[in-house]
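Each residue of the sequence shown is one higher than the last, beginning at 1 in my numbering.
Be aware that one or more of the hints could be misleading.
[Stated by the list, open to error] Using 30 Å as the maximum straight-line C-alpha spacing, the simulated BS3-like pairs for lysine-lysine come out as follows:
hint, residue 1, residue 2
1, K232, K300
2, K232, K159
3, K159, K322
4, K207, K322
5, K68, K207
6, K300, K68
7, K232, K322
Bear in mind the hints are in silico, worked out from the structure with no lab data behind them.
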Amino acid sequence: MEHLPTVTVIVLNYNGVRHLEGCLPSLTELDYPGDRLDLMVVDNASTDGSVEFLRARYPRVRVVRTEKNVGFGAGNNFGARQAGGEYVVFLNNDMWVDRGLVRNLVQAVRSEAGVVSAGAKILNWDGTRFDFAGAACHFTGLGYQTAFGEAYDRNRFGKIEPILFPCGGAMIIDRRVFLDSGGFDADYFIYYEDVDLGWRLWVLGHKVMFAPEALVQHRHHGTMDSFSDYRKQVLYRRNSLCSVIKNYEESNLARVLPATLLGMVSGVVNRAVRSGELDLSDYHITSPLDPGRDTVAFEKANTSTLVAIQEVIGQMSGLMRKRAEIQGRRRRSDREIAPLFHRPFSAWSDVLPRVQFALVDGFRVHDLFAELSRRVLVVCDDLVPLSGLPAGTRGRRAWSVGQALASAGHEVRFALPETLLRGQGGVTPEELRALAWVPATIDAVILAHRPDVVMVVGLDVLAHLRGEPGCPVVLDFDGTGGECRQVFEILARADFATFAGNASAEAFGTLARQAGIPEFETGDWAALVPDLQGGGGGADVSALDRFIRRPRMRPRPFAEASAVGRRGLGGLFRKVRSLYRRGGMVEVWRKGWGQVLRVLGRRAGTRA
1 MEHLPTVTVI VLNYNGVRHL EGCLPSLTEL DYPGDRLDLM VVDNASTDGS
51 VEFLRARYPR VRVVRTEKNV GFGAGNNFGA RQAGGEYVVF LNNDMWVDRG
101 LVRNLVQAVR SEAGVVSAGA KILNWDGTRF DFAGAACHFT GLGYQTAFGE
151 AYDRNRFGKI EPILFPCGGA MIIDRRVFLD SGGFDADYFI YYEDVDLGWR
201 LWVLGHKVMF APEALVQHRH HGTMDSFSDY RKQVLYRRNS LCSVIKNYEE
251 SNLARVLPAT LLGMVSGVVN RAVRSGELDL SDYHITSPLD PGRDTVAFEK
301 ANTSTLVAIQ EVIGQMSGLM RKRAEIQGRR RRSDREIAPL FHRPFSAWSD
351 VLPRVQFALV DGFRVHDLFA ELSRRVLVVC DDLVPLSGLP AGTRGRRAWS
401 VGQALASAGH EVRFALPETL LRGQGGVTPE ELRALAWVPA TIDAVILAHR
451 PDVVMVVGLD VLAHLRGEPG CPVVLDFDGT GGECRQVFEI LARADFATFA
501 GNASAEAFGT LARQAGIPEF ETGDWAALVP DLQGGGGGAD VSALDRFIRR
551 PRMRPRPFAE ASAVGRRGLG GLFRKVRSLY RRGGMVEVWR KGWGQVLRVL
601 GRRAGTRA
């Protein structure tokens, strides 16, 4: 007969009597043996009659009270110390639970050696969309819920597998390990305690799993909806920054912390500029006019980031003590934990993509996450041979490259023209319909998918990108699609522009000659062109794979592909520098690759 551990279910409540009326009936229907299960409500000093309601309607539920509202972390820690179960299940008060919740959480937490915690699969209140189906994390400590808001499909996310952190609103953990590891950080008050706890558990040598059969439905931030957004933003940003300081190894903290702080401050400035609160030209010493104003009015929501940083500074001595404790007990390296982040370089709040790329590149943050797979969106103006669709030359090439990248471990999706897919009727798979584009919507499609890298097949497609894609762009250029001035104007717009395919070398050779670069050799572009030969065995994407895993602000990773590539790229740069030095434009070179392309575009217009 199977031995089941004792479990205490802890529901944290603060002025949530209306939510308890929906939550507790489902808890009384759990299929876990009654003699192995204990139900507890931790009441955070509610004033809405919650305790009276519980005592009158659910006398068998144990109620423990705090003297004041101590927040999510401290409240659950208090309950765990009072609990008697071998495991504790933490549950938000605005949840409805499936009757098999506890049994399936126990199954996941006992699925293999070393597992001490597991997170449930969470749906929205009516069960039609995912709320939490796994975990991802930005390198700055901002946690993400996998598939949040996507349509529920019972065939997705069906495996017990490792995750960086469980959702604290529906999770199980070994009670002894929870208390020994420090529990939730009570100084967070609320938000991201679960990210910090899960991350810390991995650092200490434990494992955390996703429990796909453990289902709950979530009414969504019922208690916190009454709080203003700018106050919640302080908690998001402060707590994520605290997690960074506590959990990274010394060598990686030296990279991540300055990139994080600079990015946060840049986000404040960018948001103020975007809202019209700030005009950067007012601050330029060379500005011809005195703006005539010495004060600037900021929204509270924008200054939340600065308040968060100030609060972290105020907690620094305590933070460093916590850090010393965690690092002194470290049993697993950052490099081992890094794959669990999944999306370390996804879009970063108000921080411009090019700013994030510059910081990640400058501080070499990519080095820590180089082994992670990436989400790649291949955008093509042709059909691909999926589900029998009639693919053309570009489509077959896009498919070959995409399949090769998928074989290398990346998550690959295809975005194809809506007009072509419309003509295929019911043959079109749902995954293609969801990413169909027309020229006016291509930017929105890319942003909605949130890829780590966009690969554009053909210059004509690249010309439709007008906004910031939020990620590196790889151009697979086949040598067609516009005269050379247009080519360089398009390339100059991108934060990242690199070139895939041997045909690109010949095509860019022609363009470079038209742009006035003398003595051009194909090898000069070899460093920019990975070998993407198609064929029966599919595409060789080794160099492209390296770029996708470790993109840079300039296309220097391709220079590492071969000695010929290194010599070729250096030769091109020397020629461009020499060309513009003779023209008295050394400063253009110093300003970077994007400026060089813009100048090449202007020269192309006069020489083509």
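Going down the list of hints, with the structure as the test:
Of the pairs offered as hints, the one joining K232 and K300 holds, with about 11 Å between alpha carbons and a cut-off of 30 Å not exceeded. The suggested pairing of K232 with K159 is violated, with an alpha-carbon distance near 33 Å, which exceeds 30 Å. Between K159 and K322, the direct Cα distance comes to roughly 34 Å. Violation of the 30 Å bound is thereby established for this hinted pair. With a C-alpha separation of about 21 Å, the suggested pair K207 and K322 falls inside the 30 Å cut-off, and the hint holds.
For the hint linking K68 to K207, the alpha-carbon distance of about 33 Å lies beyond 30 Å, and the restraint is violated. This hinted pair checks out: K300 and K68 have alpha carbons roughly 27 Å apart, not beyond 30 Å. For the suggested pair K232 and K322, the alpha carbons sit about 24 Å apart, so the restraint of at most 30 Å is met.
Checked against the numbered hints above, the structure violates hints 2, 3 and 5; every other hint is satisfied.
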